[in-house]
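*Asks:* Listed here are the chains, written in short residue letters.
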Amino acid sequence: MNKYPQVLFKNRRPGETVLLPEYEKNGGYQSLRAALQMSPAEVCELVKGSGLRGRGGAGFPTGIKWSFFPAEQPGDKYLVCNGDEMEPGTYKDRQLLLADPHQLVEGMAIAAYALQTPIGYIFLRYAYEDCSQRVERAIEEATTAGYLGENILGSGSDVELHVHRSAGRYILGEETSLLNGLEGRRPNPRSKPPFPAQRGLFGRPTNVNNVETLANVPHILTNGAAWFHSLALNPESAGTKLFGLSGHLNRTECFELPLGITLREVVEDFGGGVRGGKKFKACLPGGASTPYLTAEHLDLMMDFDPLEAVGSRIGTAGVTVFDENTCMVAVTRNLNQFFARESCGWCTPCRDGLATISWLLDLIENGQATEDHLAMLHDQVRNIKGRSFCALAEGAMGPVEALLRLFEDEIKDHIKQGGCPFS
Amino acid sequence: MKELLPQNQIDSFKAKAVAIAHPHELIVDLLRAIQSHHGWVPDDGVLLTADTLGVLPIEVEEVATFYDKIFRRAVGRRVIHLCDSICCWSTGAEMITEHLKKVLGINLGETTSDGQFTLLPSCCLGACGDAPAMMIGLTTHGRLTAEKINDVLQKERAAIAAEVLK
Chain A
1 MNKYPQVLFK
11 NRRPGETVLL
21 PEYEKNGGYQ
31 SLRAALQMSP
41 AEVCELVKGS
51 GLRGRGGAGF
61 PTGIKWSFFP
71 AEQPGDKYLV
81 CNGDEMEPGT
91 YKDRQLLLAD
101 PHQLVEGMAI
111 AAYALQTPIG
121 YIFLRYAYED
131 CSQRVERAIE
141 EATTAGYLGE
151 NILGSGSDVE
161 LHVHRSAGRY
171 ILGEETSLLN
181 GLEGRRPNPR
191 SKPPFPAQRG
201 LFGRPTNVNN
211 VETLANVPHI
221 LTNGAAWFHS
231 LALNPESAGT
241 KLFGLSGHLN
251 RTECFELPLG
261 ITLREVVEDF
271 GGGVRGGKKF
281 KACLPGGAST
291 PYLTAEHLDL
301 MMDFDPLEAV
311 GSRIGTAGVT
321 VFDENTCMVA
331 VTRNLNQFFA
341 RESCGWCTPC
351 RDGLATISWL
361 LDLIENGQAT
371 EDHLAMLHDQ
381 VRNIKGRSFC
391 ALAEGAMGPV
401 EALLRLFEDE
411 IKDHIKQGGC
421 PFS
Chain B
1 MKELLPQNQI
11 DSFKAKAVAI
21 AHPHELIVDL
31 LRAIQSHHGW
41 VPDDGVLLTA
51 DTLGVLPIEV
61 EEVATFYDKI
71 FRRAVGRRVI
81 HLCDSICCWS
91 TGAEMITEHL
101 KKVLGINLGE
111 TTSDGQFTLL
121 PSCCLGACGD
131 APAMMIGLTT
141 HGRLTAEKIN
151 DVLQKERAAI
161 AAEVLK
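Just so you know, the protein sequences line up as chains A and B, in that order.
Be aware that the first sequence starts at 1, since it is given in the numbering used here, and climbs by one per residue.
Be aware that the second sequence starts at 1, since it is given in the numbering used here, and climbs by one per residue.
Hints may be right or wrong, so weigh each one.
As the list claims (entries may be wrong) - EDC-like mimics (lysine to aspartate or glutamate), calculated; alpha carbons at most 20 angstroms apart, straight line:
1) A/Lys-416 with A/Glu-371
2) B/Lys-16 with A/Glu-136
3) A/Lys-3 with A/Glu-265
4) B/Lys-166 with B/Asp-114
5) B/Lys-16 with A/Glu-183
6) B/Lys-14 with A/Glu-22
7) A/Lys-412 with A/Glu-401
8) B/Lys-14 with B/Glu-3
9) B/Lys-2 with B/Glu-62
10) B/Lys-16 with A/Glu-265
11) A/Lys-10 with A/Glu-22
12) A/Lys-48 with A/Glu-236
To be verified - Derived CB-CB ranges, DEER-like:
13) A/Pro-74 with B/Lys-155: 53 to 59 angstroms
14) B/Leu-56 with A/Lys-3: 55 to 61 angstroms
15) A/Ile-64 with B/Lys-155: 49 to 55 angstroms
16) B/Asp-43 with A/Gly-345: 18 to 24 angstroms
17) B/Val-164 with A/Ala-34: 55 to 61 angstroms
18) A/Gln-30 with B/Ala-74: 15 to 21 angstroms
Source of the hints: derived by calculation from the structure; they are not laboratory data.
Positions of the beta carbon are idealized from the N, C-alpha and C atoms, including for glycine.
Extracted from the complex, chain A is given alone in its bound form (with noise of 0.2 angstroms):
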């Protein structure tokens, strides 16, 4: 069904995982050995010139991010893979690491000797127990068959890796919380700067990237940066991704599709249309977060750029579809309990700023607030953008902001009769 060409799910087959003899016999790790007969430098340089972007949420383009890492500082460094996949709407890293773990562990392998980073984690949340387990067998098969350990193929570079079974929390998946994390530190997110680049793991210089993104660099070495950007539908981009669809879909399943394809081919095509012949309504593109897109938008390209060009993001391409009869007020009020739960209450903005967003949508679904509190509701918003600590409560932002922007009609209508239109 799938008409695109497979990079990461290349391998996958429902329900079971590619193990070390099948993944070397399709050509794994052959793109280690072939970076391993390059410069640190030259396998930055190929991956800059591929336009990977960040697969986690942010985009943050690869190659750049690496470009910044002192590999050639002496002491420990370390490379870090955010597995915590938390954001409501995200399924994808699960569905790659239960299918195919291996495309991670040659990333890092690879990554880490880029970066000279010798020591790697893999960062994975409680509810990825499946997870932890494939890596880990993983992490053995590779070891036992020299691609990881000492002197990996011959290669005079070390590279071990770990597996950190994590104990929940969402804030965990911001960077600098992780790395707390993973010390045994309260996670709180730390101030930046100093960057992880700089100051990270146990105070010393760490990389941090997401699965996805990790597991595509295996892909880049062996095919090379041109292939990258042509499997993109926009030409101003460059890969596939991983698209989790969710919500009232007929099919909510988990899809690499090119960047670049339509909101509409993604929703009609692959998730088989909205539930009970209803109409699309609304959607978050890629994850809690992430402002909604509306039926004009069914003709957007899910891309980086394209959708930030609309006010949105495509984070991490978790798309949850709602239909005609979706209240978004109350949508907007469930995806704002999530952010208040999980705020960990370090700075002001979130802690109570989420807490006060909550209590106003309350009044307005169950039809007890006025003009006012929809003032109060826009005010809250200029309250806590760019005013938290860290990225928890500016993500939080997102929906409100769209609620507001997209369907304030909807909220006046709560306010006018007193109660939910759609219940």
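For chain A, the structure is supplied; the task is to place chain B on it using the hints.
*Replies:* Frame of chain A; chain B shown alone:
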């Protein structure tokens, strides 16, 4: 009362803690090990962690109380984490919640009187394509219906009965 952790595991954590440069990084692992064996982490579990790793009890406590999946209060033999985030909410999680509350006879945050199940609301479990979803222990159950829930609970009850006999 059940022991917090078998002595051989404590010894193994002790050995690891002295072998590595940063023993704090084992705090979450050890808390999880205690919880896995004992069901939850009582005050003595915090003290045991501190003592085993050679760190301060407050350093353990400030970590233990941060994570929602570390239980500092007694829970039932099985903890049900019921997702209430957006994808599950949009596909009927509220109905699923009402059903679980009814068949277990408890509210969110409570434990059944026989001590078998604790029902907790949870943020997104990363099973959004299989919504609505819940996690019991470390196992995710998706595409929930009332029938499926009854079936899962029956299997868990049988598994608990077998554990008690052992």
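*Asks:* Indicate, hint by hint, whether the structure satisfies it.
*Replies:* A quick look at each hint next to the structure:
Restraint check: the Cα-Cα separation between A/Lys-416 and A/Glu-371 comes to about 9 angstroms, which is no more than 20 angstroms; the hinted pair holds. A threshold of 20 angstroms between alpha carbons decides the hint, and for B/Lys-16 with A/Glu-136 the separation of about 18 angstroms falls inside it, so the pair holds. For a cut-off of 20 angstroms, the pair hint linking A/Lys-3 to A/Glu-265 stands: about 12 angstroms separates their Cα positions. Only pairs whose Cα atoms come within 20 angstroms are accepted, and B/Lys-166 paired with B/Asp-114 is accepted, the gap being roughly 18 angstroms.
For a cut-off of 20 angstroms, the pair hint linking B/Lys-16 to A/Glu-183 stands: about 15 angstroms separates their Cα positions. Taking the CA atoms of B/Lys-14 and A/Glu-22, the gap is about 39 angstroms. The hint is violated against a cut of 20 angstroms. A hinted pair counts as satisfied when its Cα atoms are at most 20 angstroms apart, and A/Lys-412 with A/Glu-401 qualifies at roughly 15 angstroms. Between B/Lys-14 and B/Glu-3 the alpha-carbon distance is near 17 angstroms, which keeps this suggested pair within the 20 angstroms criterion.
Straight-line distance between C-alpha atoms of B/Lys-2 and B/Glu-62 comes to about 25 angstroms, which puts the hinted pair past the 20 angstroms bound. At most 20 angstroms may separate the alpha-carbon atoms for a hinted pair to count; B/Lys-16 and A/Glu-265 exceed this at roughly 52 angstroms. Distance check on the hinted pair: A/Lys-10 and A/Glu-22 sit about 12 angstroms apart at the alpha-carbon level, within 20 angstroms; holds. This hinted pair checks out: A/Lys-48 and A/Glu-236 have alpha carbons roughly 14 angstroms apart, not beyond 20 angstroms.
Judged by the Cβ atoms, the range 53 to 59 angstroms given for A/Pro-74 and B/Lys-155 holds: they are separated by roughly 56 angstroms. The supplied range of 55 to 61 angstroms is met by B/Leu-56 and A/Lys-3, whose beta-carbon atoms lie about 59 angstroms from each other. Range check, A/Ile-64 to B/Lys-155: Cβ separation about 51 angstroms, and the 49 to 55 angstroms hint holds. Checking the proposed 18 to 24 angstroms range against B/Asp-43 and A/Gly-345 shows it holds: the Cβ atoms sit about 23 angstroms from each other.
Distance hint check for B/Val-164 and A/Ala-34: the Cβ-Cβ separation is about 56 angstroms, which falls inside the suggested range of 55 to 61 angstroms. For A/Gln-30 paired with B/Ala-74, a C-beta distance near 53 angstroms fails the hint of 15 to 21 angstroms.
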